[in-house]
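> One letter stands for each residue in the lines below.
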Amino acid sequence: MNRRLTFSQKLALGFALVVSLAGLVVALAISSIREVVARTDAVVNIAAQRLVDTERLHALSFKGAADSRAYLMTRNPRILEELRDTRGEFRRTLDLLAREVQTDEGRQLLAAVDRADEAYQRILLDVLATSASTSVEAAGARAERDVRPAREVLDRAIDAFLAREGRLLAEDRHASAESAQSAIRKLLLLALAAVLLATGLAFGLARSLARQITRAIRHVESSSSELQAAAGEQATGAKEQATAMAEITTTISELLATSRQISESAQRVAGIAGETAGAAKAGDQTVQRSQDSVGSIRRQVELIVGHMLELGRKSQQIGGVLEIINELAEQTNILAINATIEAAGAGEAGKRFAVVAEEIRKLADRVAGSTKDIRVLIDEVRSAVNTTVMATESGSKAVEAGARQFTEVAAAFTLITRLVGTTREAAREIELSTKQQATAVEQVNGAVANVAQATREAEASSGEALRTASQLAQMSRDLSSLVEPARAG
Amino acid sequence: MRDGDASALSGLREAFDQVFAAPPAPARREEVALLRMRAGAEPVAIRVLQAAGLLQGRRIVPVPGRRRELLGVAGLRGRVIPVYSAARLIGVPETGEPRWLVLCGDGGLAIAFTAFDGHLVLPAANLAPARGGERAHVAELADASGALLPVLSMPSLVRAITASVVQGPNPRSAGP
Chain A
1 MNRRLTFSQK
11 LALGFALVVS
21 LAGLVVALAI
31 SSIREVVART
41 DAVVNIAAQR
51 LVDTERLHAL
61 SFKGAADSRA
71 YLMTRNPRIL
81 EELRDTRGEF
91 RRTLDLLARE
101 VQTDEGRQLL
111 AAVDRADEAY
121 QRILLDVLAT
131 SASTSVEAAG
141 ARAERDVRPA
151 REVLDRAIDA
161 FLAREGRLLA
171 EDRHASAESA
181 QSAIRKLLLL
191 ALAAVLLATG
201 LAFGLARSLA
211 RQITRAIRHV
221 ESSSSELQAA
231 AGEQATGAKE
241 QATAMAEITT
251 TISELLATSR
261 QISESAQRVA
271 GIAGETAGAA
281 KAGDQTVQRS
291 QDSVGSIRRQ
301 VELIVGHMLE
311 LGRKSQQIGG
321 VLEIINELAE
331 QTNILAINAT
341 IEAAGAGEAG
351 KRFAVVAEEI
361 RKLADRVAGS
371 TKDIRVLIDE
381 VRSAVNTTVM
391 ATESGSKAVE
401 AGARQFTEVA
411 AAFTLITRLV
421 GTTREAAREI
431 ELSTKQQATA
441 VEQVNGAVAN
451 VAQATREAEA
461 SSGEALRTAS
471 QLAQMSRDLS
481 SLVEPARAG
Chain B
1 MRDGDASALS
11 GLREAFDQVF
21 AAPPAPARRE
31 EVALLRMRAG
41 AEPVAIRVLQ
51 AAGLLQGRRI
61 VPVPGRRREL
71 LGVAGLRGRV
81 IPVYSAARLI
91 GVPETGEPRW
101 LVLCGDGGLA
111 IAFTAFDGHL
121 VLPAANLAPA
131 RGGERAHVAE
141 LADASGALLP
151 VLSMPSLVRA
161 ITASVVQGPN
171 PRSAGP
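Chains as they are written, first to last, in this note's numbering: chain A, 1 to 489; chain B, 1 to 176.
Bound conformation, chain B alone (with noise of 0.2 Å):
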């Protein structure tokens, strides 16, 4: 083992009691988590706080309907949950199978994308509203080491799925 690995992982190690070791700090409120998804093959960003989980894999069973953006239903935990596509949901081509499903609301529904890219912590000063003429349900930019990055609002999408549901088929997607 090298030299610089060694220290490395003392350095991690120390990090990680001294983490536990701390008494707990206050809630940092100026902070966001977000997660970095690709919708086709556009880069997005949705609030962690605003999903109801993050799932891998999962098999998705096309089931026929009107709505262009239900790909088909998944298996959780015992349930059938309907699942969307976030490209056709906001508008731009599909580029692959979407293999990471996001729970949304209470886990009644997910949404689709095509990859999962990592978990990003901004300030919150990073996030700014959306100046309008952007994709369809992106509610703020988050400003990610000088790339502004879409965020995409999941209540609006969900707003979108279920008032679609409710009101009938559309072939294109909903506004926010």
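Excised from the complex, chain A in its bound form (with noise of 0.2 Å):
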């Protein structure tokens, strides 16, 4: 619970405390004191008013007797007046002690003054009522005689109660003294013990306090030791951010140049993107003459491939023409062979027509071997022409492709254009968002340069706010010091 309680709080409860136990003992003094005054005052009031009634009815007792020795001797009525009012006075004197009186022996002794009063009174009216008819000197004898008995009766009935009054006040006394020192017994008992307590709880008040302070000193001591930490490692941050800032505000200078200069090669792209879309529509228009030309182009290549599959075909039946002079050739060249067998058949006469048929043999076999050739060359011609309207038809197939290419050329033109434009409306964009974007960036370059002021003034903040911490430190441990000296030193 204490640990919920702060300094002040239990500063507080201590005090409060102590300041209860001050007002308890205050109270119970005051009480004491009062019951010390009600007891004086009952001495002093009841018990000594009512030693002073009793000696009061002592008095009128004497009076009494004084008044009725008096009226014996003198006879004079007005003292027997006198002694009635006495007697009266008597009465009331006790009949107030006997509403005074609490104790059966208080009760028992004003009984037996009242019974002794009524004796001595009634033997007192006696003699005085035979007075008269007496002389002085018998009266008196008689009073001597009959009245002084009951008289000293009543006496010592009044010395009783007197002496139970002086007794009752000197208990009273002795108690009250004896109450007075209870008081002051009660009242030492209780400064002892709120000394003891208000020592205990100083005590234990300053040993809470300083656990409670040790702590926190501790606590102050690692948190200075941590804020020193981190104020340095602040300081060095922002060192390294005034740093960094500085370098930022190189690099967004450059930058801004850089803006610029894109800003710059934005307008140059506009214009040669004008001059590009220039160019493209006269690329367009050049592809389409060109598609034109394609298109002739392909119909010409068309006609070669038709006059070379002619030739192929023409070929082909020079080729069957020459099969059959190579056959002719090679029936010539029998023939001739049978002729020269024939002739040698012949004998003499045969000689001649062996040289002509030797002749039209050698006739047939250059035919054939000129026919061999003209095979050849009908079949490089046949391949060339085979290449040919191969690479014709390669040729008219690349037209054609030629031809879409250039559709697509010309759709490309278009797009080229199209694109064109958008790029000179984007770079003129570019421009002007680059020129917006330089003045943010001028305002950037502001701002960093407030940054970097901050920045400034936050190294110094934490220079500062490391003296702070070093102090704070020392603080702790002067606190320490003060708290605990022996860990201090």
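Please note that the accuracy of each hint is not assured.
Claimed, not checked - Simulated coverage check for chain B against chain A, where a stretch passes if three residues somewhere in it have a Cβ under 8 Å from a Cβ of chain A:
no., segment
1, 12-20
2, 48-60
Claimed, not checked - Anything over 10 Å on all C-beta distances counts as not near chain B; from chain A, calculated:
no., residue
3, Q9
4, T93
5, R167
6, L209
7, G395
8, E408
Unchecked claim - Listed next, with one range per pair, are the computed distances between beta-carbon atoms:
no., chain 1, residue 1, chain 2, residue 2, range
9, A, E302, B, R58, 32 to 38 Å
10, B, E94, A, E302, 51 to 57 Å
11, B, L49, A, G369, 35 to 41 Å
12, B, G65, A, T387, 51 to 57 Å
13, B, P62, A, E302, 55 to 61 Å
Rather than coming from a laboratory, the hints here were simulated on the basis of the structure. Cβ atoms here follow ideal geometry from the backbone N, Cα and C, with glycine treated the same way.
Take the two lone chains and join them into the complex the hints point to.
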């Protein structure tokens, strides 16, 4: 629970306890004083009054006796009246005492006084009543003889009551003194208890507060160390940040220059895009013309292909004719051989024919050789025609592909024109945006300068925080030395 | 027409005209005319003057016979002549249908060859007698551009055919 209380709460609680204790002591003192005063008052006012009344009763008794003796000697009625008044006063005082007495003993003593007084009065009145008829000496002697014993009984009874009242007064006085002593002892005990409690409270409060303060000091020491380290790191970070801000400032300046260059480049791009759009339009027209030319080329190529195929067919026909020629040459060769054989069989007459036959055979051989050459040539021609046809067909396909590509190129040029328009718009937007960006970068530059200034201030503040942390650490050590000198030492 | 072809044609015409413009030359005994034939896949030659004629593409009609060399008969100028296989006669396997016929003797029979490779004229010195060990009916060996070409003896073949006809059937080819 103590841990939940604050320093001031503990102090307030301690002081409240001490004040409560002091209040209790004061209340007890007041109560004791009141009791002592009450007892003193009782002694002074009641017992002493009663004693005084008793003494008064005694005095009235004596006064009555004196008045009775005076009446007996003087027979003055006025004295008799006084005697009656004294008698009345005596009864009133006795009644007063009877009302005030509260103990049985007192009431018995007062009853004895009352009976003694009744007996005395009866005897006295009898003596007084008979005194008129007797002489003074006789009345005196009778009074001395009858009244005195009664009066002595009364006096003894009054003395007994008086002695009791004196004893009671002494007892009350003693009780009052005892009460005062008891109050003093109680007050002393209470004061001692209060002192002990206050001392214990002070000791406990001091220990608790010392522990709490020590813990707080340790926390403060730890926190100040951490704060010191953090301040050091913050100072380092602030320096690095300041360096970084300087670099950022340089970079932003370069960025600003770059933005301006971009703006200029965007302007140039917009100009070039315009020129490109014109060139693309001219290219589109050129492509259209080229497309027409390609169509013409394609028609020419198709014509060439037709001619080449016709040439191939003619070559095949030549081959067929050549086959016939070759066959004829072969047959001629065979005929010539047979003629040679026949000429040989004819003997001398066939010699000249044999020469002719030999020449015919040679011609046939040559024709056969020539047909072979021609066949080779025709094969070459056909191969060339085939190659040409294939090349032409490839060319035709290439031309068709070229035509398609020209169409695609034309579409591409149209797209280029459109895209160039878009590019020009984009370049203008880039220029505008870049100008805005440059403005923004300038603002950022200013902001960065402000941040750099703030960083420098933060650096200074970090140094200040570092110093403050050091001072805090020193203060915590000082405070610790105040709380725990041994520890601080 | 190319220039080369024109000059060749003019040379050919000139040589042809020159033959008939010059006086008849004496018979050149030192040259031998050969026909390059193929028996089966075997290249062979025959002397032109030992043949009675060369025919191509005659239809050979098979006829039953006891001789395996006899391919059949063919019609020639109103006559029917027997046709014998040159490959079988010299003992080599047949490769394809023999379509070239060489008439022998007086033209009463023909020997069929697989192919006719051309006419060949060689100096007589290029022909040497067979050394023995060659195939049947090889009488000479002709040196044609470094290659030795066996020259079949047509009379030997005819004798083998006629002898077998006279003596009866012979499943194997006759010797020369």
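> Determine for every hint whether it applies to the structure shown.
Comparing the hints with the structure gives:
no. : hint                       : in the structure
1   : 12-20                      : holds (count 4)
2   : 48-60                      : holds (count 8)
3   : Q9                         : holds, 133 Å
4   : T93                        : holds, 197 Å
5   : R167                       : holds, 188 Å
6   : L209                       : holds, 134 Å
7   : G395                       : holds, 28 Å
8   : E408                       : holds, 47 Å
9   : E302/A - R58/B: 32 to 38 Å : violated, 51 Å
10  : E94/B - E302/A: 51 to 57 Å : holds, 54 Å
11  : L49/B - G369/A: 35 to 41 Å : violated, 25 Å
12  : G65/B - T387/A: 51 to 57 Å : holds, 56 Å
13  : P62/B - E302/A: 55 to 61 Å : holds, 57 Å
In summary, the numbered hints that this structure violates are 9, 11.
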